[in-house]
Structures are given as structure tokens and as C-alpha cells.
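Visitor: Model the full assembly from the supplied sequences, consistent with the hints where possible.
So the sequences go chain by chain: A, B and C. Numbering-wise (this note's numbering), the first sequence opens with residue 1 and increments by one. Numbering-wise (this note's numbering), the second sequence opens with residue 1 and increments by one. Numbering-wise (this note's numbering), the third sequence opens with residue 1 and increments by one.
In short, the hints are calculated from the structure, not lab data. For every residue, glycine included, the Cβ atom is placed at its ideal position computed from N, Cα and C. Be aware that a few hints might be false.
Covered by chain B, per the in silico footprint, the following chain A stretches (three or more residues, Cβ under 8 Å) [stated by the list, open to error]:
1) 106-118
2) 225-233
Below, in silico cross-link-like pairs of lysine to aspartate or glutamate (DMTMM-like), each with a Cα-Cα straight-line distance of 20 Å or less [to be verified]:
3) C:50 to C:63
4) C:206 to C:186
5) C:30 to A:116
6) C:50 to C:296
7) C:132 to C:186
8) C:272 to A:43
9) C:272 to C:256
10) C:320 to C:128
11) C:320 to C:97
12) C:302 to C:318
13) C:132 to C:169
14) B:57 to C:285
15) C:258 to C:296
16) C:302 to C:169
17) C:138 to C:213
18) C:230 to C:324
19) C:336 to C:290
20) C:138 to B:148
21) B:264 to A:94
22) C:320 to C:296
23) C:272 to A:49
24) C:284 to C:201
25) C:215 to C:305
26) C:187 to A:27
27) C:140 to B:148
28) C:230 to C:136
29) C:230 to C:81
30) C:187 to C:135
31) B:57 to C:103
32) C:187 to B:148
Calculated Cβ distances over 12 Å to all of chain A for the following chain C residues [stated by the list, open to error]:
33) 82
34) 136
35) 257
36) 283
37) 297
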Amino acid sequence: MRATLSYLPLVLLAVAWEAIARLNLVDSSALPPLSKVGLAWVDLIRGGELVNNGAASLYRGSVGLLLAVLGGGGLGLCMARWRLLDVFVNPLVELFYPLPKSALIPVTVLWLGFGDGSKILLIFLGCMIPVTIGAYNGARGSDHALVWSARSMGANRLRMMWDVVVPSALPELLNGIRTALALAFILLVSSELIVSQQGFGYLIGYLGSTGSYEGMYAVVLTVAFLGFAADRIYQLFIQWLLRWRD
Amino acid sequence: MVAAMARLDDTASLAAAEAQISRDAARRLDIAFRGGAGIFSILVLLIAWEIFARSGKVTAFMLPPFSAVAERIYADAIGGELWRNLWVTMFRAITGFAIAAVGGIALGAVMARSRIVRWFFDPIISVGFPMPKIAFLPIIILWLGLYDVSKISIVVFDAIFPVVTATLAGLAGVEKELIWSGRNMGASERELMWQVALPAALPQILTGLQVALPIALIVAIIAEMAMGGYGLGGAMMSASRFADSRGVFAGIVEIAIVGYALIKAMALIRRRLLVWHQETAERH
Amino acid sequence: MRGKIIATGIALLALAVGWSNIGARAEPLKIRGAWVAPLANLSSVWLQKKDLAVHFGQSYVFEPVRYAGTPPMITAIANNELEIGNLAFSTLPIAIENAGMDDIRVISDDFQDGVLGYVSNDFQVLTDGPIKKIEDLKGKVVATNSAGAGVDVAMRAMLRKHGLEANRDYTIIEAPFPGMKSMLMEKKVDLIPAVLPFMLDPELKKNAHSLFDMKAAIGRSQFVMWSARKPFIDAHRAALVDFLEDSLRILHWYLDPKNHEAAAEIASQLTKQPPERFGWIFTKDDYYRDSNLMPDLDALQKNVDMTRDLGFARASFDVKAHSDLSLIQEAAKRLK
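Guide: Following this line, the structure appears as C-alpha cells:
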């Protein structure tokens with residue numbers, strides 16, 4: 001009951017949308033009624049366009065993000081452990097951290113073309129840095145006493161990394177991954193919007209350019225919902241992963 | 001440093017001051033070492049780029065040498081094109097960011113005070129924050145056309161969420177005693193907000209702004225790439241259409257420098273604004 | 001750091017690509033061909049008549065791919081995502097001179113513009129809009145399908161003749177051809193390129209009219225031609241000749257007046273519009289196509305030189321040296 005009440009404003013917005021469109025307060029092509037958007041969504045699912053393009057997008061997004069988590073997490077942990085690596089790589093991380101990642105879109109296309117490869121590379125490059133920083137800060141903050149005691153107990157480096165450093169770096173690492181998750185959606189959709197022949201972004205642009213605005217709204221709302229859902233699911237995952245902390 | 005100098009009068013703490021100075025010196029040496037290593041790393045990267053590009057393993061279309069890219073940036077700077085594009089992109093990103101900052105703080109403050117406003121916006125913010133709002137770009141184009149208004153609007157739309165959430169969190173974290181004592185001293189609600197609550201929430205608000213700024217830049221460049229016209233993003237796209245790889249890479253370098261400068265400037269502003277705050281004091 | 005990542009990424013991808021290729025060893029050659037506008041580009045209606053293609057599935061398979069314009073094809077060719085690009089007269093020099101792909105060869109005609117008695121691409125404004133002459137475009141937004149494309153370069157050339165420079169005097173934005181009509185009708189832009197089949201849209205015809213056409217802008221042009229890279233041609237010559245032979249068969253079928261109704265029916269299915277609208281296809285109301293798919297290299301040379309003179313390509317080159325018409329000639333010979 002409380003949950004319904006707290007989400008009531010969203011329902012109100014939806015009703016207002018429908019009413020504004022039905023009463024023709026604005027041009028119906030600029031704002032088609034929500035009910036028609038819903039019908040267009042069903043059509044897109046039936047026709048397979050949404051499923052096919054969505055599958056392409058989700059594949060690119062998940063592979064890119066996975067590589068970023070592995071690469072960035074590994075790099076961050078190593079930088080925190082080995083000072084020399086830290087001294088020489090940190091400046092590069094700092095240099096690329098503020099780079100607006102969208103600037104990489106034309107370059108990844110230049111290297112790998114219009115298919116999956118360029119999107120995966122873009123998401124990998126764009127999402128790696130926040131993960132690296134999360135892992136680095138987390139591991140640096142890890143309790144030195146823990147590390148020493150583990151070392152005195154004869155744990156080797158790799159073992160110690162896994163048993164001591166990774167768990168204590170986890171909260172910040174997971175936060176970095178959350179930033180990366182949001183960034184992955186942004187980069188995925190925008191690169192597909194600008195340079196692609198498949199995917200959610202492509203479908204949005206294509207439907208928009210052919211004047212199928214109901215369909216365009218349907219895909220936009222789908223992407224927005226997926227971004228929201230991914231974040232919520234990830235947060236639940238974090239809670240489950242960090243349950244030992246409380 | 002200043003603190004150390006001030007203490008010199010006090011002969012009793014002379015020894016402590018000396019220790020402080022030597023610690024400062026050691027830290028400065030460390031900073032110098034790190035700075036040197038940083039420049040070294042960046043140089044290595046640039047040289048590696050140059051050598052790899054000239055090795056014949058890649059074509060100049062895939063990766064033009066850094067020297068050619070630098071030459072191109074220089075030529076664009078002399079020709080004035082660079083400044084025109086830079087100005088337009090900055091105008092869009094900063095205007096959007098400023099509107100998002102003012103609007104976001106205002107909305108956060110109102111939400112913190114009014115239960116109804118909060119009830120209405122809470123779900124919208126919490127659902128809207130993690131959404132990839134860039135997907136709405138074609139809809140914004142549909143509504144507002146292709147000029148600056150739509151480009152700035154999408155920047156605001158994307159950058160406002162972290163500001164609102166940070167303001168809310170910051171205001172929620174202000175200690176109750178601070179508010180009570182302010183109220184006891186006869187401050188009005190408006191004075192409480194402006195003189196007690198907002199300054200106390202400032203560190204978190206600034207964090208929100210620091211999250212919003214890179215978002216504003218990313219989105220401004222995407223909007224330019226998608227809509228064309230002037231601007232660093234538009235220039236990159238147009239260069240890529242004409243298979244002008246130097247132009248594409250020049251764009252990356254220019255955008256990287258701009259991003260770096262803006263984000264460093266923001267960090268500097270933060271330190272200035274929070275001179276009084278514990279967080280800054282710890283660094284001195 | 002970045003170099004390594006890129007190298008690793010490329011290596012990973014190369015591995016993935018290599019993987020997918022292993023299984024395909026014994027299969028017929030896969031030829032991907034680009035198209036931009038439905039019906040206008042032969043590739044877009046090729047598969048609909050693949051029943052005529054005797055070698056299809058034997059020595060090769062053909063896979064048409066839609067692009068928003070010809071410039072992205074350059075990147076696609078460079079990345080082995082596309083075998084036959086239908087490059088325009090402007091994107092050929094951009095690919096050869098700017099991108100340095102010196103091994104690109106013109107292998108056949110797709111269609112030509114400005115040939116007497118045939119249709120020329122049009123540039124249109126709203127009939128009751130503010131633009132009465134080209135000079136009125138100062139400070140306005142004009143649409144293009146893709147910067148550097150054939151229609152784009154022709155449009156810039158025409159505006160330059162009237163003292164207007166892109167980005168200085170007017171803004172260019174990109175939109176795919178199917179979306180041009182709504183861009184103009186919703187007044188988001190003031191000038192659109194109207195190409196076939198979109199220029200015949202009834203709503204557009206009612207509300208818009210021509211400001212100038214491409215013939216007036218640049219004269220006769222070898223507008224688009226099929227182009228492939230030399231190593232690919234050398235490696236798969238026999239299969240390519242088979243492909244061109246089948247393409248000629250298909251083109252001849254479309255050009256044959258007695259197939260006109262069936263062709264209109266295909267166009268109708270493709271564009272989801274009534275067949276009555278397609279009286280024009282493959283007639284004199286369509287673009288000019290050489291019935292032997294032979295490109296007009298003299299016209300092309302002039303177009304390429306002009307593209308350089310306008311500053312869009314770094315240099316010009318000998319078009320004949322960058323053509324290999326022996327394949328299409330051999331294919332034509334087989335049909336006799």
C-alpha cells in the first residue's frame with residue numbers, strides 16, 4: 001500500500017500524458033497518447049524488431065561492461081598493491097578520467113567499424129576508468145593491519161589479494177561498477193544513435209526519422225526502464241554481496 | 001605551511017615546527033617525484049602513439065601520428081576554427097550545467113522543506129536518476145528542434161539528477177542541533193535555509209555538482225554529434241565523414257584537454273569554497 | 001596504457017572474427033553490398049529477383065546492407081564490414097585521398113544523375129516558406145543525409161556559388177533520407193535533398209517545391225558506382241564476375257518494359273506503399289542507368305576534380321587508374 005502511494009506521482013504523470021495527448025493540447029506527433037505508445041510497443045515486440053535490436057544492445061553492453069570490470073578492477077587492485085605501477089599509471093588514469101567518454105565514439109568506429117566490436121570497445125574504454133578508481137581507492141583504504149597479519153601468517157601475494165584486499169576493497173569497487181553501469185547505458189544508446197545499424201539506439205533513430213513516433217516513444221521508454229531496472233537489480237546484488245558487513 | 005610559520009613565534013613548539021617542515025619537504029619531494037613520473041608516463045604514451053602510427057602496422061586513416069594531430073590542432077587554432085567550436089561547446093555545456101546546478105539545488109531545497117513536493121518528486125527522481133536519459137534525445141529534438149535550446153535542454157535533463165539527490169542527501173545530513181540552535185536564536189525559516197542548512201550541506205552539494213559536470217560535457221558532445229553544426233562534437237563527426245582522421249583525433253585531444261581543465265577547475269573551486277570545512281583543513 | 005588496451009581489444013576481436021571464419025571456409029563467397037535509397041540503388045531490389053541469379057548460392061551469396069549515406073561506407077570498407085560500396089563521386093576521392101585507400105577500384109555503374117531526359121536529384125523548400133532564392137538560406141539550417149555524400153557535396157557546391165559557406169553562413173544537420181519530409185514539414189530545417197523515391201511523396205509534392213536540382217549544381221554526374229578493393233577483386237575475381245553477371249540479368253529484367261508492373265509490385269512491397277505510385281521506376285522518370293552497368297568515367301573524372309577543387313578531397317587522381325571495368329565487361333560478354 002505504501003509502495004503504491006509513493007509511486008502514485010508516476011501514475012499521475014502517465015494519466016496527465018494521456019489526457020494532454022487525447023485533448024490535443026499538443027501536436028499528436030510530438031506527444032502521442034501513452035496508450036498508443038503501448039500498442040506500438042506490443043507491435044514492435046510481435047514484429048521482432050525490439051527483441052532483435054534489444055538483444056544486440058544487451059550483448060554489446062554486457063560484454064563491454066564485463067571486460068571493463070575485469071580489466072579496470074584488476075588494474076585498480078594492482079595499482080594499489082604495487083607502488084611503481086601506481087606512480088606511472090595513475091597519471092594516465094587521471095588524464096583519461098575527465099575525458100568526456102562520448103568523444104571516443106568516432107574513434108572506435110574508425111578502428112572497428114559499425115558492428116558490435118566498436119561498441120564493445122567504447123564501453124570497455126569508457127567504463128574501465130571508474131572501476132579502476134573504485135578498486136584503487138578501495139584497496140588503498142584496506143586495513144593495513146589485516147594485510148600485515150595475513151602476510152605474517154604466510155599468505156602468498158595472490159592468495160592475500162583474493163582473501164584480504166578484494167573483500168575490503170569491495171564496497172568502493174562495487175560503487176565504481178555502479179557508475180560504470182550507468183555510463184555503459186549512456187555510451188551504448190548514444191553510439192547506436194549516432195553510428196550503428198542495429199540496437200536500441202538505432203531503432204530509436206530509425207523510427208524517429210521515418211515518423212513512427214509512437215514506436216520511437218515505446219523504445220525510448222523501454223531503454224529508460226531497462227536502465228532503471230539494471231540499477232535496481234545491481235543494488236540488490238550489492239546488498240546481498242555485502243550482507244556480511246552488518 | 002602558513003600554520004607552521006605562525007607557530008614559529010612560540011619557541012616551545014619550535015621543534016615541532018622543524019619536524020613539520022622536514023615532513024613538508026619529504027612530502028614535496030614525493031609530490032615532485034610523482035609529478036615527474038606523471039609527465040614521464042604521458043610522454044611515453046605520446047611517443048608510443050607516434051612510433052606505432054609510423055610503424056606501418058596501421059594506416060594513417062586508422063591512427064594518424066600524434067605530430068600530425070598536433071599540427072592540425074595548431075592550424076585550427078591559428079585559423080580560429082578551434083576557438084569557435086570550443087566556445088560553442090563550452091557555452092552549451094556550461095549553460096546547461098549552470099541551469100542544472102541552480103535548478104537542482106532549488107528543487108532539492110524545496111523538496112527538503114515541503115512534504116507534498118517531496119512526495120511528488122521522490123519517485124520521479126529515484127526512477128529518473130539511473131535512466132539513460134540520452135535516449136530521450138530524439139524526443140527533445142522532436143519538441144525543440146535542432147538549435148541550442150534542445151542541446152542545452154538535454155544537458156540540463158541529464159545533469160540535474162545528481163544535483164537534486166546530492167542536495168537532498170546533504171540537507172538531510174545537517175545536524176538537528178544546528179537547526180535547533182539557529183531557530184532558538186530567532187532565525188526565520190528562510191534564514192535557516194540560506195545561512196545554516198545550505199552551507200552545512202555544501203560539501204555534499206559540491207560533490208553532486210562534481211558528478212554533474214562531466215555528465216554535462218559528455219551529453220553536450222553527444223548532442224553535437226547527433227545533431228551536427230558547430231561545436232567540438234559536430235566537428236569530430238564531420239571530420240569522420242570526410243575520412244579526415246587527423247580531425248577526429250584532434251577532436252579527442254581537444255576534448256580531453258577541455259575536460260581536464262574544467263574538472264580541475266571545479267576541484268579548485270571546491271577547495272576554495274570549503275576553506276572553513278574540516279575536509280579541507282585535513283589537507284593542509 | 002591505452003595502446004595496450006586497444007591492442008588487446010583488437011586481438012580479442014580478431015580472434016572472434018577468425019573463429020567465425022573457420023566454419024565458413026567451404027561456403028560460397030559472401031559479398032555484402034551497400035545501398036542508401038530504396039529502389040534508387042540496385043542493391044536494394046537485388047534480392048527480390050534472386051531467382052534470376054544463376055550463380056547465387058553457388059559461387060557467392062549477396063547480402064545488401066542499408067547505410068544512411070555513402071561516407072560511412074568508407075569506414076565499413078576499411079574495417080572489412082563491406083565488400084562492395086556504392087560510393088558516390090564525392091566519397092570515392094574521400095576514400096582514396098583522405099582515407100588513403102589507394103586500392104579501391106570502381107567496378108560498375110549504379111546510377112547517373114543529370115543525364116538529359118532523366119531525373120536529377122532535387123533540393124526542396126517549403127512552398128509557403130521563407131526561402132525564395134538560395135541567398136535566403138543565410139543563417140538557416142539545411143539537412144543532408146551524411147556530410148561528404150554526393151548530394152551533400154553538390155548542395156554545398158551550389159550554396160558556395162551563391163556566396164554561402166557551410167558552418168559559417170548556414171548549419172548542416174544530418175538526417176536519413178526517409179526522414180527528410182518530416183524535417184521540412186515540421187520546419188526543423190529549411191532545405192532538404194529530395195531523392196528518389198522520396199521526392200515523389202504526395203505530401204511533399206503538395207507542400208514543397210524545388211529550389212534547384214543537382215544538374216544545375218554540378219552538371220552531369222556519375223553519381224554512384226560499385227567499388228571494391230583490389231586485393232578482394234584479385235582474390236575472388238571469378239565469383240565477382242558471376243555476381244556481376246547475375247546483377248546484369250536482374251537489371252535487364254527490371255529495365256524490360258514488359259516487367260514494369262511486376263517491378264512496381266516489388267517496389268510497393270518494399271516501401272509499403274500502393275503500386276500505382278511506382279509508374280516511374282526503371283523508366284525515363286527514374287535515374288539514368290547504363291544497361292550494361294558501365295560507368296561514365298569521363299563524367300566521373302570531372303566530378304572528382306570538382307570535389308577536390310571544393311576542398312572536400314585532398315587531391316585528385318586518374319579515375320581510369322582507379323577503375324577495373326574488365327569484370328563487368330567479361331560479365332556482359334557472357335550474356336551475349
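Visitor: Which numbered hints turn out to be false for this structure?
Guide: 6, 9, 10, 14, 15, 16, 28 and 33
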